[in-house]
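**Q** Based on the hints, put chain B in the right spot on chain A.
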Amino acid sequence: MTRVYKWEVLKLLAQKRNYLGLGAAMLVPLAFVVVLTIQKGGPNDIPLGRYLRETGLATPFVVLFFMSIWAFPLIVALVAGDVVAAESHNGTLKTILTRSRNRGEIYAAKVLATFTYTLLVIFAMGAVALIAASIAWGFHDLTSLSGTAVPAWHGLGLLAASLALYAWPMAGIAAFGLLLSTVTRNSAAAVVGTLMWALLMQLLGVLPGTEAIRPYLLGTQFQAWHGFLRTPADWAPVVRALWVCAFYVTIPLAAGYLVFLRRDVAGE
Amino acid sequence: MSDAAPVEARGLVKRYGELVAVDGVDLTVERGDVFGYLGPNGAGKTTSLRMLLGLIRPTEGTARLFGRDPIVDGARALDGVAGFVEGPRFYPYMSGRKNLRLLADLDGGKNASRIDEVLDVVELRDRAKDRVGGYSHGMRQRLGIAASLLREPKLLLLDDPTTGLDPAGMRDMRELVKRLASEGITILLSSHILAEVEELSNRVAIIRSGTIIYEGLLQELLRSAGGSYRLSTTDVERARALLLARGFEGIQVVGGELRFQADVDAVEAATVALGEAGIGISALVPHTATLEELFLGMTEQEAA
Numbered sequence: 003m004t005r006v007y008k009w010e011v012l013k014l015l016a017q018k019r020n021y022l023g024l025g026a027a028m029l030v031p032l033a034f035v036v037v038l039t040i041q042k043g044g045p046n047d048i049p050l051g052r053y054l055r056e057t058g059l060a061t062p063f064v065v066l067f068f069m070s071i072w073a074f075p076l077i078v079a080l081v082a083g084d085v086v087a088a089e090s091h092n093g094t095l096k097t098i099l100t101r102s103r104n105r106g107e108i109y110a111a112k113v114l115a116t117f118t119y120t121l122l123v124i125f126a127m128g129a130v131a132l133i134a135a136s137i138a139w140g141f142h143d144l145t146s147l148s149g150t151a152v153p154a155w156h157g158l159g160l161l162a163a164s165l166a167l168y169a170w171p172m173a174g175i176a177a178f179g180l181l182l183s184t185v186t187r188n189s190a191a192a193v194v195g196t197l198m199w200a201l202l203m204q205l206l207g208v209l210p211g212t213e214a215i216r217p218y219l220l221g222t223q224f225q226a227w228h229g230f231l232r233t234p235a236d237w238a239p240v241v242r243a244l245w246v247c248a249f250y251v252t253i254p255l256a257a258g259y260l261v262f263l264r265r266d267v268a269g270e
Numbered sequence: 018m019s020d021a022a023p024v025e026a027r028g029l030v031k032r033y034g035e036l037v038a039v040d041g042v043d044l045t046v047e048r049g050d051v052f053g054y055l056g057p058n059g060a061g062k063t064t065s066l067r068m069l070l071g072l073i074r075p076t077e078g079t080a081r082l083f084g085r086d087p088i089v090d091g092a093r094a095l096d097g098v099a100g101f102v103e104g105p106r107f108y109p110y111m112s113g114r115k116n117l118r119l120l121a122d123l124d125g126g127k128n129a130s131r132i133d134e135v136l137d138v139v140e141l142r143d144r145a146k147d148r149v150g151g152y153s154h155g156m157r158q159r160l161g162i163a164a165s166l167l168r169e170p171k172l173l174l175l176d177d178p179t180t181g182l183d184p185a186g187m188r189d190m191r192e193l194v195k196r197l198a199s200e201g202i203t204i205l206l207s208s209h210i211l212a213e214v215e216e217l218s219n220r221v222a223i224i225r226s227g228t229i230i231y232e233g234l235l236q237e238l239l240r241s242a243g244g245s246y247r248l249s250t251t252d253v254e255r256a257r258a259l260l261l262a263r264g265f266e267g268i269q270v271v272g273g274e275l276r277f278q279a280d281v282d283a284v285e286a287a288t289v290a291l292g293e294a295g296i297g298i299s300a301l302v303p304h305t306a307t308l309e310e311l312f313l314g315m316t317e318q319e320a321a
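From first to last, the protein sequence lines stand for chains A and B.
My numbering puts the first residue of the first sequence at 3, with every later residue one more than the last.
My numbering puts the first residue of the second sequence at 18, with every later residue one more than the last.
One chain only, chain A, in its complex shape (with noise of 0.2 Å):
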């Protein structure tokens, strides 16, 4: 299994197209960091938002928030709704399929190395923003969303919590992309198909009429992470959206999984 994995991996790396993702997750912070250094303002009405040139530990937080919309379920969405479709189109999966590697080992290490970039990409984010940012403004205190003084360290501490949670309902994006790349075996359908998936979660979440099932929505649970950085901490959202987002994740990842089982690996 390791070796699947460790190969489903380089082959993400060895696709250049993967690395315009995982750029665009470093230099959106950066470019963030530098417009915010020229000009005065910043985004005030965001969590974290006032304390920017207080601490280069806000930024990450506020970049977070804005990359939830649109730019990190696009980044997954690239990979997450390729990675089966494209070895289909190309043919590789029938190549990989005649060696000595059950169907479910392939597809194991497929979601692993999906989920490994994905983490990759918002932790990658996470590192630029906190450099660029405590160039800019230094490495302090950071105050919290209830207003109180978080050690420097500490807070460093919380950022990291908050990115391996925030990558939670993200893997949940990843999953529904696998399951539409294995079964529509079309890259672009599927990469579409996921991004459109992320923006309704989204769009749900604001509409008016749907309080009810709010917390239940992916989309809810990007900012899950706040509960962290209230004190004391707040567990509800965060537990909440470790077994909300456990049912995203899981059930489009065993129906991609049935599907994969017993599909017909023909000329695509």
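Hint data in this document are derived by calculation from the structure and do not stem from the laboratory.
Idealized CB from N, CA, C, for every residue including glycine.
Any given hint might turn out to be false.
Stretches of chain B that chain A covers, calculated by requiring three or more beta carbons in the stretch to come under 8 Å of a beta carbon on chain A [as the list claims (entries may be wrong)]: (1) 101 to 108; (2) 145 to 158.
Okay, derived cross-link-like pairs now, SDA-like style, lysine to any residue, Cα gap no bigger than 25 Å in a straight line [stated by the list, open to error]: (3) Lys115/B <-> Asp47/A; (4) Lys195/B <-> Gly181/B; (5) Lys18/A <-> Tyr110/B; (6) Lys8/A <-> Gly125/B; (7) Lys171/B <-> Asn104/A; (8) Lys195/B <-> Ala185/B; (9) Lys171/B <-> Ser199/B; (10) Lys8/A <-> Lys146/B; (11) Lys171/B <-> Ser153/B; (12) Lys195/B <-> His154/B; (13) Lys18/A <-> Asp137/B; (14) Lys127/B <-> Asn104/A; (15) Lys115/B <-> Pro234/A; (16) Lys146/B <-> Leu15/A; (17) Lys115/B <-> Ala110/A; (18) Lys8/A <-> Leu24/A.
**A** Then chain B, alone, in the frame of chain A:
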């Protein structure tokens, strides 16, 4: 490896809605066979091969490789089996060597040490560092063979291995297949090039409209259409009358020569009679049907 036949398909059926792509195919490939699998386009050859490799699920019937069913036993059923269907496919953004390394790892990694050896066999070692995306069609075909050999197969399934190759490449591929067969590898060869199958195979199956219409020894198939002769004489009409008088049937006069079918003894006796009748024989040529003639005759019956 069990004593079971390398390939044993029984009652294989594949339906796509109303379309029956393969309709009750029975195939047995014995150890050491170079088994030619022939059929016109769309006859069901590739679909059968895909079912043998577990790439598609049969609607009915079973396919076993060395006694194991790819659908039931998964990847384990492909132990000792290698090959490609509809041409080998590789990751174009990786080098030939890296592609082989990947495939060796998928096989457990123990064959990675043989990569140079198999690259030498297909004469690709010099280009192994180049991306497959820049390879010619022939180079990809050869890389496909290398990828197959990496598994040290006991059974090799090759679907049109010489398609797209230049004459020298086709010759080299045929030589390679011969060499592999001489090393004891069982080969199931699907090809459109009938002369190639005739040259390489000892047994053949012919599939038409999803159904096997012949399976057996190639020599038997060729012999079944034997006993055909072309005769040139000094007097065509008298020769024809003499042959008719001796009970020969179906005599045709084509381009000033006689064509007929008869057994060897009757022909020998007829030549003596022709000589005694003062009819000179300028040529008597036994004509053996080629596989191509037989194939076209069998597969075009339906179209007719």
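**Q** With reference to the structure, classify each hint as holding or not holding.
**A** Structure-based check of each hint:
no.: 1; hint: 101 to 108; verdict: holds (count 8)
no.: 2; hint: 145 to 158; verdict: violated (count 0)
no.: 3; hint: Lys115/B <-> Asp47/A; verdict: 51 Å, violated
no.: 4; hint: Lys195/B <-> Gly181/B; verdict: 19 Å, holds
no.: 5; hint: Lys18/A <-> Tyr110/B; verdict: 9 Å, holds
no.: 6; hint: Lys8/A <-> Gly125/B; verdict: 13 Å, holds
no.: 7; hint: Lys171/B <-> Asn104/A; verdict: 20 Å, holds
no.: 8; hint: Lys195/B <-> Ala185/B; verdict: 15 Å, holds
no.: 9; hint: Lys171/B <-> Ser199/B; verdict: 12 Å, holds
no.: 10; hint: Lys8/A <-> Lys146/B; verdict: 20 Å, holds
no.: 11; hint: Lys171/B <-> Ser153/B; verdict: 28 Å, violated
no.: 12; hint: Lys195/B <-> His154/B; verdict: 21 Å, holds
no.: 13; hint: Lys18/A <-> Asp137/B; verdict: 30 Å, violated
no.: 14; hint: Lys127/B <-> Asn104/A; verdict: 18 Å, holds
no.: 15; hint: Lys115/B <-> Pro234/A; verdict: 52 Å, violated
no.: 16; hint: Lys146/B <-> Leu15/A; verdict: 18 Å, holds
no.: 17; hint: Lys115/B <-> Ala110/A; verdict: 22 Å, holds
no.: 18; hint: Lys8/A <-> Leu24/A; verdict: 19 Å, holds
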